[in-house]
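Protein sequence lines correspond, in order, to chains A and B.
Heads up: the first sequence at position 165 corresponds to 165 in the working numbering, and the numbers run straight through without jumps.
Heads up: the second sequence at position 405 corresponds to 405 in the working numbering, and the numbers run straight through without jumps.
Be a bit skeptical, because a hint or two may be false.
Which copy is meant is left open, because identical chains are indistinguishable; a pair holds if it fits in one copy or across any two.
What the hints assert, rightly or not - Mimicking DSS-like on lysine-lysine, the simulated pairs with C-alpha atoms at most 30 angstroms apart in a straight line are:
#1 K185 with K408
#2 K7 with K175
#3 K21 with K237
#4 K302 with K318
#5 K411 with K200
#6 K411 with K145
#7 K155 with K48
#8 K89 with K237
#9 K318 with K153
#10 K155 with K237
#11 K66 with K318
#12 K318 with K21
#13 K200 with K145
#14 K323 with K66
#15 K218 with K237
#16 K155 with K408
Bear in mind the hints are in silico, worked out from the structure with no lab data behind them.
There are 2 protein chains.
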Amino acid sequence: MCIMNFKRLEHTLGKLNTFSKQGQGINRLAYTDEERQATQYIIDLCEKEGMEVNVDTVGNVIARRKGTNSALPAVACGSHIDSVYEAGKYDGTVGVVAALEVIRSLNDDNIRTEHPIEMIVFACEESARFGFSTLGSKAMAGLLKKEDITNLKDKQGISIQREFSKYGLNVNEIKEAERSKEVFKVFLELHIEQGPVLEKEGKQIGIVTGIAGPTRFKLQIQGQASHSGSTPMNYRKDAFLGAAEIALTLEEAAQSEASRGTVATVGVCDVNPGAMNIVPGMVEMGIDIRGISIESREVVIKELYHAMQRIEKQRELKMSIIKLNDEAPVKMDENMIDSIKETCEQYGNTYTLMPSGAGHDVMNMAQLSPSVLFFIPSRNGLSHNPEEYTSLEHIAMGAFLLKEEILKHAKVSQKLVR
Amino acid sequence: MCIMNFKRLEHTLGKLNTFSKQGQGINRLAYTDEERQATQYIIDLCEKEGMEVNVDTVGNVIARRKGTNSALPAVACGSHIDSVYEAGKYDGTVGVVAALEVIRSLNDDNIRTEHPIEMIVFACEESARFGFSTLGSKAMAGLLKKEDITNLKDKQGISIQREFSKYGLNVNEIKEAERSKEVFKVFLELHIEQGPVLEKEGKQIGIVTGIAGPTRFKLQIQGQASHSGSTPMNYRKDAFLGAAEIALTLEEAAQSEASRGTVATVGVCDVNPGAMNIVPGMVEMGIDIRGISIESREVVIKELYHAMQRIEKQRELKMSIIKLNDEAPVKMDENMIDSIKETCEQYGNTYTLMPSGAGHDVMNMAQLSPSVLFFIPSRNGLSHNPEEYTSLEHIAMGAFLLKEEILKHAKVSQKLVR
């Protein structure tokens with residue numbers, strides 16, 4: 001029992017990562033040809049394993065392995081395969097190929113379970129392309145309204161509506177992707193840590209207690225474009241210098257909230273018109289503030305608002321801010337956490353309990369069913385980076401744990417001896 | 001005598017500004033279809049006035065009106081018609097259409113001069129497209145080496161070499177654009193101020209005593225891209241925060257040198273990879289530092305270097321800086337300054353002596369011949385901006401002054417009474 005083929009897993013992961021637009025890293029952004037082709041590759045593999053596969057109206061893939069009792073709710077697991085720009089090979093993909101390997105190994109061993117097992121590949125987990133994250137799991141959990149996404153456009157101005165049409169999906173039928181609580185028994189997500197904690201602490205598994213939902217803002221700063229040579233310093237309304245002050249103030253505010261785990265990031269800063277000899281007239285910033293404590297996150301957000309008022313006045317700038325999204329921290333299921341702890345102890349895997357600074361599809365699935373997330377280490381804590389790396393040994397450990405937990409919840413009903 | 005047709009000037013200026021790529025302002029960047037078409041429009045008008053027109057190997061237009069004594073050196077004037085991104089309608093163009101109106105009015109009145117008169121339209125004055133300014137006048141003054149420009153590319157990665165070929169110009173024949181001191185008697189440039197001084201002081205004409213040459217840098221800051229949610233603040237190597245500190249330090253340094261007129265600008269800041277949920281891993285900044293005092297400019301540059309060292313260490317970033325160009329301040333000719341002062345006094349125009357914070361083609365032409373630059377006011381000091389505005393009244397005043405000065409230097413030899 002529990003014989004898994006990690007060479008096969010490694011091969012599937014390698015093949016999956018050939019679906020990428022050229023670049024320094026992986027570029028398989030949501031609703032692009034590369035991502036949709038990769039999705040089809042996974043669908044084909046699932047069908048080969050005898051699973052029933054459906055793609056819902058937002059592009060989530062739901063692959064189902066029948067249980068012996070068709071009346072029982074599903075034990076579900078999954079992750080995503082879309083990526084950020086210049087991404088690594090492991091973020092999301094590990095959870096998908098590990099789930100597939102669980103199914104394959106059950107088939108190899110002719111193990112049947114009472115509960116059906118579902119493997120889900122969520123669409124558009126990353127916000128990189130459309131500034132909107134975990135779109136697929138939000139739709140599945142009934143947390144998505146049509147108005148949330150109809151006006152989304154990528155950097156090139158391509159609308160999400162156009163991409164939906166291109167791939168046979170439908171913005172008007174979002175509600176059809178919604179599923180009910182009754183169909184799930186539990187949901188499990190295996191993911192790489194994307195941070196340095198496990199490596200620093202020398203642990204193999206991170207069992208996540210809660211997920212910090214991000215609050216995101218778009219901040220537009222309006223100054224006055226003018227000639228860089230002939231505008232004396234004291235007559236300037238330099239939008240970029242306002243942006244610089246905002247970024248440093250945010251850093252300071254997050255640092256003073258470090259003990260409560262809150263982080264703040266300016267990942268986007270577009271300077272207009274963007275020429276050497278023009279004082280910047282307008283800047284658009286993307287701000288991401290996260291914490292597992294709502295109170296702490298609010299402290300940083302208040303600091304942002306105060307800084308805006310102060311800098312607007314001092315520099316004679318005009319700032320306008322839009323809150324793009326605001327997700328509450330989500331707790332993971334305590335029984336499932338205890339179950340993973342037990343399994344780790346049983347097999348001698350070291351683990352730590354930790355929060356997740358990154359958002360994941362599991363936080364939406366937690367609205368539908370008891371859910372849990374667990375991590376395997378990322379080398380140097382790197383993720384969203386071409387140098388992202390998790391060893392096959394750690395992936396195997398995660399996949400093994402995933403299989404053990406799935407079998408606990410899905411209950412082995414019979415094993416056919418060959 | 002001295003009857004000029006300012007309605008005609010206004011019409012030509014309006015027509016010239018129809019050559020622009022669509023945008024909020026004027027977009028007629030160096031070596032684009034729009035700029036080359038505008039150049040052809042001016043060539044046609046010059047030929048209609050009986051001038052002999054040549055385009056040199058870098059795209060400068062030299063239109064010559066014969067003098068009665070062909071052995072005498074030319075009285076030259078001119079400016080440019082290329083623009084920055086989202087520019088105004090007056091920067092450069094005013095000096096060109098005013099020069100053309102001088103020629104037209106001389107023809108109207110059948111006025112011949114002893115010296116030939118040259119009207120020059122300089123190519124690629126603005127650095128906006130290729131990060132290299134006053135290319136045409138540098139080539140003419142023998143200040144341009146082939147190596148200075150062969151590797152230049154615009155934001156889209158299009159090389160200047162490709163554009164040269166496209167428009168029948170030749171990077172390998174730069175030296176053929178060079179001209180000797182003997183061919184010029186004087187050079188005059190009329191330009192809008194592009195700053196707030198004339199308006200603030202309530203003067204009509206700014207007579208420029210010297211031009212602050214810019215020192216320009218490209219600064220690359222290398223940090224470490226990482227996940228914005230799962231990288232604690234103290235483990236980050238955020239390249240953008242390093243850039244923010246550099247920009248604010250530069251501002252402070254320039255402010256403390258304000259009495260000596262030095263200014264510093266970060267007009268370009270490209271954040272990579274540029275996504276909401278990734279801590280910036282790399283930033284490229286464009287820095288422009290100018291002063292009429294070399295010593296003062298060096299103070300600011302030293303501050304930049306100190307800040308780089310400090311921030312590299314504190315934030316564990318790696319910075320590399322390239323000096324793109326470094327132009328010395330240039331003095332204008334004292335006799336020509338006195339001559340303009342006299343003319344202003346004669347006609348009751350108010351004027352002030354002032355430095356020019358912006359670079360102009362005249363600073364290169366000053367290597368070939370006694371030269372002068374004079375300004376007319378810019379409303380609100382705005383330039384390099386769609387809202388740039390100079391009234392027709394002020395343009396007429398500048399064109400009139402240009403004609404008076406040209407006639408003084410070129411010497412009227414005969415006037416045919418009709």
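These are the hints, each one checked on the structure:
In this assembly of identical chains, the alpha carbons of K185 and K408 lie at most 30 angstroms apart only when taken from the same copy (12 angstroms versus 95 angstroms across copies). Proximity of K7 and K175 under a CA criterion of 30 angstroms is satisfied in neither setting, with 39 angstroms inside one chain copy and 64 angstroms between copies. In this assembly of identical chains, K21 and K237 lie within 30 angstroms of each other by CA distance solely across copies; the values are 27 angstroms between and 40 angstroms within a copy. In this assembly of identical chains, K302 and K318 lie within 30 angstroms of each other by CA distance solely inside one copy; the values are 18 angstroms within and 32 angstroms between copies.
In this assembly of identical chains, the alpha carbons of K411 and K200 never lie at most 30 angstroms apart, being 36 angstroms within a copy and 83 angstroms across copies at closest. For the identical chains of this complex, K411 and K145 are neighbours neither inside a copy (36 angstroms) nor across copies (78 angstroms), given an alpha-carbon limit of 30 angstroms. For a Cα distance limit of 30 angstroms, the shortest separation of K155 from K48 qualifies neither inside one copy, at 37 angstroms, nor across copies, at 47 angstroms. For the homomeric pair K89 and K237, the shortest alpha-carbon distance between copies (22 angstroms) is at most 30 angstroms, but the shortest distance inside one copy (43 angstroms) is not.
In the homo-oligomer, the alpha carbons of K318 and K153 lie at most 30 angstroms apart inside one protomer (24 angstroms), although the nearest pairing across protomers, at 34 angstroms, exceeds that limit. Within a single copy, K155 and K237 get their C-alpha atoms as close as 26 angstroms, and across copies as close as 25 angstroms, so both meet the 30 angstroms cut-off. Within a single copy, K66 and K318 get their C-alpha atoms no closer than 59 angstroms, and across copies no closer than 55 angstroms, so neither meets the 30 angstroms cut-off. Taking CA atoms no more than 30 angstroms apart as the test, K318 paired with K21 passes between copies only; the shortest distance there is 28 angstroms, against 38 angstroms inside one copy.
In this assembly of identical chains, K200 and K145 lie within 30 angstroms of each other by CA distance neither inside one copy nor across copies; the values are 40 angstroms within and 54 angstroms between. In the homo-oligomer, the alpha carbons of K323 and K66 never lie at most 30 angstroms apart, since the shortest distance is 43 angstroms inside one protomer and 66 angstroms across protomers. In this homomeric assembly, K218 and K237 come within 30 angstroms of each other (Cα to Cα) both inside a single copy, at 20 angstroms, and across copies, at 23 angstroms. For the homomeric pair K155 and K408, neither the shortest alpha-carbon distance inside one copy (45 angstroms) nor that between copies (57 angstroms) is at most 30 angstroms.
Figure legend: structure checked against the earlier numbered hints; hints not met, in rising order: 2, 5, 6, 7, 11, 13, 14, 16.
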